[in-house]
Amino acid sequence: MERIMEKDTANYKDYSLLSYHHIPGVHNLEVFERAGGYEMMKACFDKDPEAIKEVVKASGLRGRGGAGFPTGVKWGFFTKDRNAQKYLLCNADESEPGTFKDRYLVEKNPHILIEGMIISAWALGTQKGYIYIRGEFQQQAVILERALKEAYAKGYLGKNILGKGFNFDLYVHRGAGAYICGEETGMISSLEGKKGQPKLKPPFPAIKGYRGLPTMVNNVESLAAVPWIMRFGADEYKKWGTEKSAGTKLFSISGDVNKPGVIEVPLGTTLKEIIEVHCGGMRNGNKLKAVVPGGSSAPVFNHDESYSVKMDYEDVASKGSMLGSGAIIVLDETRNIGDLMKWTLEFYHHESCGQCTPCREGTGWLESIFKRRETGKASKADIDTLDKTAASMRGQTICALADAAAMPAQGMIKSFRSELEAYIMTPTNTGKK
Amino acid sequence: MTEKVKLTWNGKQIEAVKGSNLLQAALDNGQEVAHYCYHAGLSIAGVCRMCMVEQDGVPRPFPSCNATCGEGMVIRNDTPKIKAAVENTLQFHLLNHPLDCPVCDQAGECGLQDYYMKHGQYDSQMIDKKVHKEKVQDIGKNVMLDAERCILCSRCTRFTEEVTKTNELGILNRGDHAEITVNENLKNDYAQNLVDICPVGALTSKDFRFKQRVWFLEEVYTTCIGCETGCSVKVSQNKNGSYRVKPVFDETVNGHWMCDDGRSIYKHVSSPTRLQVASENMNGLFVPADESRVVELVTGKKANFILSTSLTNEEYARFFESIKGSKASVALYTLPTQGPEFDGILRRGDKNANLRGAQKAFEAAGFDHTSAGLDKVLNAISASDVAYVVVPEILYNEDHFNTLLKKIEKASTRIALTPGETLSSMKVFNYLLPVPSFLEKEGHIVNFQGTQRQLNAGLSYGETTKDISYYGKWVNV
Amino acid sequence: MSSHSPNQTHSMGAPFKFTDANLATYQEYLTRYDDVESALLPVLHLVQEQIKWLPQEAIEYVSVLMNIPEIKIKEVISFYDMFYDVPVGRNMVHVCTNITCSMFGGREIYAGLLKHFDTDYLTPTRDGRISLQKMECLGACEMAPCMRINNDYVGPVDLADAINKLEELP
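Residue numbers (the working numbering), protein chains in the order written: chain Z, 949 to 1381; chain W, 235 to 711; chain B, 47 to 216.
If we strip away everything but chain Z, and leave its shape as in the complex, we get (with noise of 0.2 Å):
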């Protein structure tokens, strides 16, 4: 973000979703358009829907919500009838802890997004979208409102787009507060009026997603990367990242670096390099100690994986966290790893939706064992009971939950067990909080 780019063009050479974010008043269709937005969905009308699936599928795009499965592979499994009632859902439920990178994306630039929806629902044929929100973001909701607005103004939505006979809507929907609804079965039951439970898979929902039809549920960040890929190609878009993580990919970085914020950056940058050059390094000079490299479920990396790893799909996962949604919050040496624990498992326990009895009483059991300290009950054997509860909870549920509570759990306790064990053994009631 320090280039000097030219104020009102698109930066294009260097950032794939923040190439217009350096442009004063990008929020606005005008400028947006100024700047180059909204060629390439005119230019995809003219396009055949399956070619632009092809080019998603080979530009090697991977859902940037978390999975990080292949967006074009995630599109193939969706029904190729055009006329068949379906949906294309935008996950800005971003309720990952430490992901802020969407409504960072968002709320300077919208139409990004809705560029990226339009050619995206062209390709898949949907006739009608939303965007869930989540409902904190509520500033956002109006901004992506406005920016609807603007764009129906211009008969980029609506009915018979720009006369191709395409008829696409597309709505803002606010969440209300429920972590669980960035989980994609989680969101469509919420869409739909109800808890945001998470649905049995399957049905998968590009079969059978929202009220029943084909619902394609793609990540902002995912849709706002279309644009840029129709423009210059999957061969360009691959060279950047690494074979198996193609592209670039937003960064949310928090905790003790000087310069907190978003960052656009390469699939496969080194977090050093995230941390040392694009964050200011360590706050007041301190040492790293760990870093959580992709929201609160991934397990956290101590010091010396912190400055080998290279943040791509594979790099992390190899040493035993996963990319996630790009979330890394850095702890330095004054942190306890028992704070850690403690925050996240409360998170969890907090959200779990309460239908998958593993999940339900493991999230809350988790968070009762780790404070047995508060009630002078606890022994140093807890983390084992700790470690083997979590580990009985993964696998064994509808979604993911589960699973992202007891990893990063079991993650904390393979690298600083000891760590641990004197946080448990010191009661609350000595000063120690």
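By construction, these hints were calculated from the structure, which means they are not laboratory data. All clues given are correct.
For lysine to aspartate or glutamate, the following EDC-like pairs were computed, each having C-alpha atoms within a straight-line distance of at most 20 Å:
#1 K1142(Z) - D81(B)
#2 K1097(Z) - E74(B)
#3 K363(W) - D334(W)
#4 K118(B) - E396(W)
#5 K1142(Z) - E116(B)
#6 K399(W) - E1140(Z)
Following the hints, put chains W and B in place on chain Z, whose structure we already have.
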């Protein structure tokens, strides 16, 4: 018609309908699969996570309730991985459960208890404070709710949403604070099914509560005579009496359910006011009588029989055989319609359990079963006649029956044949004679579909060997 | 968000109905979806825009308006942290207590605010001005510790800042 497939379950080959539910196929083939949330009569929830299986070629275990049968599938639920998973999940189920089995009515037929004996039996590591929820709540329609015992399988909420569509129940809150909640007291007429489908002791019957331990009861499989639907049911009883009626799955008639009216059809059978022996009206008081006195009284007099509509085909046949050659008049009293013709689920307004069987028997014997026929018989009754009335076993509308009784008053001898309790309106009779209740006889009835339904005999609580043909024989004495 | 035993319902002591403007908004919502049920979350937000919370009377009104069983509405309200079935203050303040904000004192700020305003989770201050709610990650970790005052994000804040900002609220 329906294509069958062969699959392997724990190494054993089983056969199932292609595309049918995998868990159900396993259960139907006698395989043991722990499950709480799955119920064949409800949608799939897949939340209890007990019925997990592994399939060859599929990387992750999955719940068998959400899978369908396909040719050649190789399924196991006896692998160490699955056994460990089920044991762990059971532990999660029991984590916040109060473990109050000694005071719980579900004990003996509780899913938690059963599986704990099979898969659990570990030492609990739960030393933490349990989550407390609302205990004993009367939620109406004879149903009690204990939210602490609940394992949130959601069978009950799916029932009120999908079957009765009355939506009284829901699950509020998230995570381990999720709790079954009543928005308003139960208002549907199928509420007792909630007690049946609850796999634990969270929903219990107020009627059955604390009355009996289930292991002291035996079941009689029979047919409900509450209306012309004729649901398959089982009645739990022992020598002290009958205690409850539950539906038995019957694909052609009632599926998994029965209505609440049917739940009380057993009550007269072992009621303390049930007529046990022949009795005589002594100034309004019924006292045991010598049967031979009654025989003496009716000998040589013209007999008029008013039959009810809930007797078995066999009873009607035996009766008409017993009066063959006599001058006796016979008519049929049909119960008036009660409520709508059909409530959309099971219950029908026509309460005559074996109207079709009765009609057929009357026709075969050359008697008129119509209401005109009844009027004709009633009008022709003279002072010197004997009037026998078979009291309907389940009497929804006593007033209507009383108008019938008014019309027999002109007969000098009035005798009731009753399988039930002595009602105050019966003072019109000179004698009351007991006949077997539906729970004390073998035989068949024909329901509204024209389907033959079986009645089975359980324990007897009175002079139950003498059915109406026994008394019919008196016409020829 | 159900902050009490689920079997209790809270009354506002008067019937509820949408203002004419909100009724028009409701009609507009219906045009966005292919069924009525999908408009439930927007409608509940709209009720809260009008009266801040969701009393029993509003649940009944919405149930009749949308033909959705009351229990389904109650389930939804209890599931989401931003729907309130208890009376709340004129201003809703969310304090983030998730990882990054907790690293920078979010929990201490929340505790300090409760103490300063002599209140508890969601309970309105005695003057009815403010309700405080600790929240999971608000999605603004770069401004940790952060809070949401009505719809505005503020952060980083310390306790003194937070008190000052809240004291300025009408």
